[in-house]
Amino acid sequence: MAELKEKSKEKGEVIVRMSEKEWEYVKNINVKGDYKEGFETLTPKEQDYTVKHLRDSVGIEFLAGLIFTFIIMVWSLFMDAPLKELANPADTPIDERAPWYFIGLQEMLIFFDPWLAGVIIPSILLVGLILVPFIDPNKETGIGRYTFRDRPVAVSVFGFGFAMWYTLIIIGQFFRGPARMFYWPWEDKTVLKEMPVSEMVNFHIAGGFAFFILYIGACMVLPQVIFKNFYKTLGVVRYYIFMSLFAIMLLIPIKIFLRYVFDVKYILSLQIFNTTLNF
Amino acid sequence: MERQNKEEDKKIDIKETQVWKAVFGDLLFGEFKPLSPFNSLMRGIAKIMQLHPYNMSVGGRRIITYTFCLGGLSVFFFSLLACTGAFLMIYYNPDVNSAYANIEDMRYIVPFGVLIRNMHRWTAHLMVMFVALHMLRVFLTAAYKPPRELNWIVGVILLVMTLLASFTGYLLPWDQLAYWGVTIGTSMGENAPLLGAKGPFAILAPGKDVNSILVGGTSVGQPTLLRFYLLHAIAIPLGIAGLMGFHFWRIRRAGGVSGPL
Ligand code: HEM
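Which chain is which? The protein sequence lines are A and B, in order.
Taking numbering that gives the first Met the number 0, the leading residue of the first sequence gets 0, the next gets one more, and so forth.
Taking numbering that gives the first Met the number 0, the leading residue of the second sequence gets 0, the next gets one more, and so forth.
Note that these hints are calculated values from the structure, not bench results.
Among the clues, some could well be false.
[Unchecked claim] Taking beta-carbon pairs under 8 Å as the criterion, some of the chain A residues facing chain B (in silico):
no.	residue
1	LEU82
2	LEU85
3	ALA86
4	ASN87
5	LEU104
6	TRP114
7	ARG150
8	PHE161
[As the list claims (entries may be wrong)] Calculated pairs, DMTMM-like style, for lysine to aspartate or glutamate (alpha carbon to alpha carbon, straight line, at most 20 Å):
no.	chain 1	residue 1	chain 2	residue 2
9	A	LYS83	B	GLU103
10	A	LYS83	B	ASP94
11	A	LYS83	B	ASP104
12	A	LYS254	A	ASP112
13	A	LYS264	A	GLU198
14	B	LYS197	A	ASP112
15	A	LYS192	A	ASP94
16	A	LYS231	A	GLU139
17	A	LYS188	A	GLU95
18	A	LYS264	A	GLU193
19	A	LYS192	A	GLU95
20	A	LYS188	A	ASP90
21	A	LYS138	B	GLU148
22	A	LYS264	A	ASP112
23	A	LYS83	A	GLU95
[Unchecked claim] Partial chain A-side listing against chain B, Cβ under 10 Å, derived:
no.	residue
24	GLU60
25	ALA80
26	THR275
Bear in mind that the values here come from a model prediction, so they are computed numbers and not experimental data.
Don't be surprised by glycine CBs; every beta carbon is placed ideally from N, CA and C.
Using the sequences and the hints, build the whole thing.
Structure representation (structure tokens):
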């Protein structure tokens with residue numbers, strides 16, 4: 000092979016090392032170079048290892064478009080888009096629901112007041128999403144390939160958020176009946192369930208403050224102490240931004256847990272001037 | 000050479016069958032023929048729009064697997080929505096007295112109306128799902144890392160606009176589902192702190208808060224329908240199309256979709 004390399008240098012050729020998969024691909028495709036069988040091949044220097052991407056991809060894309068048009072048409076032939084009775088502002092349906100992609104927000108309305116569930120939390124999550132490229136301290140690892148091992152924190156945190164979002168959607172869409180009560184799939188959704196008898200309680204105000212101070216403190220300090228390396232790679236600013244966003248995200252399942260297990264309505268209920276802020 | 004021949008004996012290459020050749024053969028997969036109008040057209044369009052590089056390295060080409068097509072499929076769904084939507088616009092009037100009847104006409108009178116309406120609705124669902132999945136793939140392949148940060152941000156805006164496009168379209172049939180779905184959605188704006196009439200520390204009166212900009216009053220009604228229609232049929236699609244153009248241009252500037260380093 001070394002001998003071959005020398006030879007090809009003289010002729011202005013380069014050696015391209017290919018995996019078997021690449022070779023399978025190149026073999027079947029019209030490329031300008033003279034590919035020889037094997038995983039190490041000789042090609043002329045300029046066009047060397049390029050394939051005619053434009054030509055091939057337009058054909059494939061056209062085909063994909065045809066296939067999806069066909070699928071959607073068949074789907075549309077057999078399933079009608081919903082249309083209920085004419086809108087009637089006087090008649091609130093018992094099973095009032097948002098479209099499925101917003102049902103996660105509606106699901107959160109059960110656990111948080113509307114200003115939190117509908118405005119503050121989604122805005123913060125959106126800001127968090129926009130900040131992703133700047134929070135991630137590692138600018139090189141894993142580009143262009145799927146890997147968990149090389150970026151475990153990034154993948155787990157994002158995966159957790161994504162999964163939580165879709166879990167909320169699935170619960171909201173399939174497990175909620177009239178009055179947003181929880182229904183198992185085998186329960187009849189046309190009958191209104193009785194409201195649960197147990198009274199919901201608030202934390203005592205001192206308890207509420209204590210909870211938040213402890214929670215935020217734990218979120219900010221613990222990882223710093225336990226995962227020293229993690230703190231070092233992130234740096235101070237990134238660390239605090241990341242941990243705040245993470246703490247807010249984690250608050251959603253925590254609140255759901257507290258509600259279902261301990262019937263907690265609000266962790267903290269604050270009276271500021273004439274306004275009540277419930278968390 | 001020998002190994003190659005043996006492989007070919009064993010399996011039938013679908014690209015070698017007559018049907019395939021007749022349908023796709025020279026037109027799509029064959030060499031470009033200088034005189035083929037279709038090829039010149041496709042090549043011309045693609046070149047002008049700079050959507051695909053003309054040539055691509057084998058390594059780069061190899062990574063384009065199925066999940067790397069989710070963005071492209073979102074584009075496809077968007078164009079399908081534009082086509083079916085244009086058709087629906089012919090028969091639809093954003094007026095609370097006629098909107099519902101227009102949709103009923105679409106179902107029972109307009110030829111192929113029900114098919115087009117169904118396609119528009121189901122494709123919208125698909126687009127929302129595929130855009131979200133595309134985001135997942137971009138994250139999992141770390142494609143937001145430099146030099147692609149800006150494209151990630153543009154993507155997040157595209158995601159929000161896709162959701163808004165679906166949401167504004169949801170009201171247009173003016174049935175119970177639409178009315179109450181949108182009432183729930185817009186009531187969130189009402190509860191915004193400071194700027195919503197019912198939110199904490201409200202400083203604006205009902206009918207003058209942020210929510211009323213969207214709804215055009217204190218509750219969903221004729222002004223809402225008109226606003227949502229204009230957003231759904233004009234503003235948001237134009238915004239999405241413009242941002243998509245920027246999105247693709249940035250991909251080319253970054254040297255194509257991200258490859259393994
Ligand atoms: C209307 C919605 C969208 C459309 C039509 C769209 C379209 C595309 C297309 C066609 C590509 C080329 C590669 C591929 O298909 O995977 C792409 C790449 C990309 N998209 Fe999107 N996209 C949309 C939304 C988003 C969202 C929500 C995000 C992320 C938050 C995003 C971030 C990116 C990034 C960073 C790339 C570059 C990926 C790479 O170089 O590997 N896009 N987009």
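Now for the hints, and whether the structure bears them out:
1. The restraint placing LEU82/A at the interface with chain B holds, with a minimum CB-CB distance near 5 Å, inside the 8 Å limit.
2. For LEU85/A, the suggested interface contact is upheld, since its CB lies about 5 Å from the closest CB of chain B, less than 8 Å.
3. About 4 Å separates the beta-carbon of ALA86/A from the nearest beta-carbon of chain B, less than 8 Å, and the hint is met.
4. Checking ASN87/A against chain B by beta carbon gives a least distance of about 7 Å; that is within 8 Å, so the hint holds.
5. For LEU104/A, the interface hint holds, since its Cβ comes within 8 Å of a Cβ in chain B; the closest pair sits about 7 Å apart.
6. A cut of 8 Å between beta carbons decides the hint on TRP114/A: the least distance to chain B is about 4 Å, and the hint holds.
7. The interface hint given for ARG150/A is met, as the beta carbon of that residue sits about 7 Å from the closest beta carbon of chain B, less than 8 Å.
8. Because the smallest distance between the Cβ of PHE161/A and any Cβ of chain B comes to about 6 Å, under 8 Å, the interface hint for this residue holds.
9. Among the hinted pairs, LYS83/A with GLU103/B is consistent with the structure: their alpha-carbon atoms are about 10 Å apart, no more than 20 Å.
10. For the suggested pair LYS83/A and ASP94/B, the alpha carbons sit about 18 Å apart, so the restraint of at most 20 Å is met.
11. The straight-line distance between the Cα atoms of LYS83/A and ASP104/B is roughly 14 Å, inside the 20 Å bound, and the hint therefore holds.
12. Our distance criterion of 20 Å between C-alpha atoms is met by LYS254/A and ASP112/A, whose separation comes to about 12 Å.
13. The straight-line distance between the Cα atoms of LYS264/A and GLU198/A is roughly 9 Å, inside the 20 Å bound, and the hint therefore holds.
14. Annotation: proposed proximity of LYS197/B to ASP112/A holds, straight-line Cα distance about 11 Å (limit 20 Å).
15. Taking the CA atoms of LYS192/A and ASP94/A, the gap is about 12 Å. The hint holds against a cut of 20 Å.
16. A C-alpha spacing of about 17 Å is found between LYS231/A and GLU139/A, which places the hinted pair at or below 20 Å, so the restraint holds.
17. Distance hint between LYS188/A and GLU95/A is fulfilled; the C-alpha atoms sit about 13 Å from each other, no more than 20 Å.
18. Restraint check: the Cα-Cα separation between LYS264/A and GLU193/A comes to about 19 Å, which is no more than 20 Å; the hinted pair holds.
19. With a CA separation close to 15 Å, the supplied pair LYS192/A and GLU95/A stays within the 20 Å bound.
20. Annotation: proposed proximity of LYS188/A to ASP90/A holds, straight-line Cα distance about 19 Å (limit 20 Å).
21. Distance restraint check for LYS138/A and GLU148/B: the Cα-Cα separation of roughly 10 Å lies within the 20 Å cut-off, and the hinted pair is therefore satisfied.
22. Of the pairs offered as hints, the one joining LYS264/A and ASP112/A holds, with about 10 Å between alpha carbons and a cut-off of 20 Å not exceeded.
23. Restraint check for LYS83/A and GLU95/A: the C-alpha separation of about 13 Å stays at or below 20 Å, so the hint holds.
24. The interface hint given for GLU60/A is met, as the beta carbon of that residue sits about 6 Å from the closest beta carbon of chain B, less than 10 Å.
25. This hint holds: ALA80/A has a C-beta 4 Å from the nearest C-beta of chain B, less than the 10 Å allowed.
26. Look at THR275/A: its Cβ gets to within about 8 Å of chain B, closer than 10 Å, so that hint holds up.
Of the numbered hints stated above, none is contradicted by the structure.
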